[in-house]
Amino acid sequence: MLGENQWEWLGGQLRHSNASMHVIVSSIQVLTTNPVVESWGHFPRERARLLRLLNSVPGLIILSGDVHHAEISS
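Residue numbering for the sequence shown follows our numbering, starting at 1 and increasing by one per position.
Derived by calculation from the structure, the hints in this document are not laboratory data. Backbone N, C-alpha and C fix where the C-beta goes; we use that ideal spot for every residue, glycine too.
Cβ pair distances, simulated, as ranges:
1) Ile61 x Glu38: 17 to 23 Å
2) Val36 x Met1: 15 to 21 Å
3) Arg15 x Pro35: 28 to 34 Å
4) Gly12 x Val36: 32 to 38 Å
5) Phe43 x Trp9: 15 to 21 Å
6) Asn5 x Val67: 28 to 34 Å
7) Pro58 x Asn34: 26 to 32 Å
8) Trp9 x His68: 27 to 33 Å
9) Gln13 x Val36: 31 to 37 Å
10) Pro35 x Gly59: 28 to 34 Å
Please build the complete structure, drawing on both the sequences and the hints.
Here it is, written out as structure tokens:
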């Protein structure tokens, strides 16, 4: 999901932050267990790495992508 430079940047930003609140935004869902939707769950090692990184972040809020469903009815 992220390149190594992006992981290093994100980790550095979080490690050196003295903010009391942190907001992480992802265009796809981070915590869903629904296998049908696009999510970090399709990349288990990457998701585990992200969750390990975020585990010690104070005041964490995760905003992640929404799911759009389409239907044709007659």
